[in-house]
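All chains should be built: construct the whole structure from the sequences, respecting the hints.
To convert a position in the sequence shown, counted from 1, into this note's numbering, add 620.
Keep in mind that the hints were calculated from the coordinates and are not lab data. Remember, it's a predicted structure, so these values are computed and weren't measured experimentally. There could be a bad hint or two in this list.
Stated by the list, open to error - Simulated DEER-style distance windows between Cβ atoms:
| hint | residue 1 | residue 2 | range |
| --- | --- | --- | --- |
| 1 | D898 | T698 | 40 to 48 Å |
| 2 | A964 | T811 | 36 to 44 Å |
| 3 | S696 | D941 | 24 to 32 Å |
| 4 | T811 | S924 | 37 to 45 Å |
| 5 | S704 | N946 | 32 to 40 Å |
| 6 | R669 | P700 | 18 to 26 Å |
Where is the CB? At the ideal position from N, CA and C, for every residue including glycine.
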Amino acid sequence: MAGDRLRKLTLFVIALMATVLGGCGAAHGSRLATVCRWFASPNGADRARGSAAAPFRSVQRLVNRLRPGQTGCLLSGTYPGNVSFYRGGRRRRPITLRSAPGAHATIEGRIYIARSANHVNVDHLRLDGRNDQDLPSPTVDSAYDQFVDDDVTNDHSAICFSLGSGGGYGQAVDALIEHDRIHGCGVLPPTNQEHGIYVANSIGARIIDNVIYDNADRGIQLYWNAQRTTIAGNVIDHNGEGIIISGDYGFASSHNLIIDNAITNSTMRADVESYWPDPAHKGIGNLVVGNCIDGGRLGIDHDSGGFTARRNRYVNPLYADPAVGNYIMRASSPCASVLARAAANAASLSRPSAH
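Set out below in structure tokens:
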């Protein structure tokens with residue numbers, strides 16, 4: 621009898637917590653049920669049903685349960701362990717992994733999206749990519765995946781985002797990284813090899829309206845086969861280097877657009893530069909346009925060529941308090957209009973080139 625009462629009380633408390641996660645009232649409870657098809661909790665059990673009242677425990681169990689068009693929600697807390705997606709969604713019916721409305725969930729481990737798992741959305745999560753093998757996280761080797769409103773870091777242990785891989789693992793196609801904070805990536809002291817976002821074997825990536833800061837080497841590296849990337853409306857500050865455009869293995873990153881960003885205070889190298897291992901084989905159609913540049917050791921370094929720069933301004937963007945990660949620009953900032961312009965165009969920039 622006492623055991624039955626304890627079991628009923630435990631289920632009641634779990635259900636109550638799920639109801640009040642995003643606020644009080646039946647309206648929010650209804651929203652939670654509408655947004656989330658399956659649930660996980662640090663206090664759940666992988667043999668459970670996966671409901672709000674009986675959530676799974678591990679993120680991997682939750683991900684394995686998702687089908688096209690479904691959303692899996694994490695209740696507040698920390699979830700240790702790597703997470704792999706081997707099955708995705710479909711056009712207009714992605715699978716989505718996110719924090720439950722009103723919750724704050726952290727995944728501690730590597731996020732990997734295999735080439736077999738297209739149409740995966742990951743949003744409103746803190747992604748701490750530390751893993752035993754120091755592999756990049758998130759790694760995206762598939763098509764039409766989105767990371768929106770996430771906080772991404774790994775405590776300076778490895779590359780963070782890696783879009784596309786060699787060796788037949790997969791090419792990233794039309795990946796979207798938007799409204800994220802990407803920081804603390806890459807080992808220290810810098811090795812010149814570990815970055816916030818490594819656009820490797822990728823077509824059509826869109827990197828829009830993020831804050832990318834305090835990464836050991838590049839904020840964004842376009843290497844070795846980055847094609848048709850759009851980088852717009854980002855704050856890219858206090859990285860070893862801002863952005864590099866490059867190529868290798870017979871490929872040259874080409875037709876990339878870097879527009880309306882604030883690229884500032886690079887600590888080791890230029891705010892924007894290029895590097896071509898074979899000077900006779902440089903990228904084409906790369907544009908660096910309308911950006912605010914300030915404080916980097918070399919600003920925009922044109923020496924290696926392979927890109928065209930125009931209408932960039934060398935001005936202080938007047939961040940509110942970058943020492944604590946506050947990159948809101950003061951009202952008097954000469955760069956506020958630059959990012960506002962990018963924000964106004966965000967809807968069109970966020971649409972994939974092919975779906």
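Status of the hints after comparison with the structure:
For D898 and T698, the Cβ-Cβ distance of about 46 Å falls inside the hinted range of 40 to 48 Å, so the restraint holds. Our hint of 36 to 44 Å for A964 and T811 holds, since their Cβ atoms are close to 38 Å apart. Evaluation of the 24 to 32 Å hint for S696 and D941 yields a pass: the beta carbon distance comes to about 27 Å. Range check, T811 to S924: about 21 Å between beta-carbon atoms, so the 37 to 45 Å window is missed.
Checked against the hint of 32 to 40 Å, the C-beta distance between S704 and N946 comes to roughly 35 Å, which is consistent with it. Between R669 and P700, the C-beta spacing of about 23 Å keeps the proposed range 18 to 26 Å intact.
Consistency with the previously given hints fails for number 4 only.
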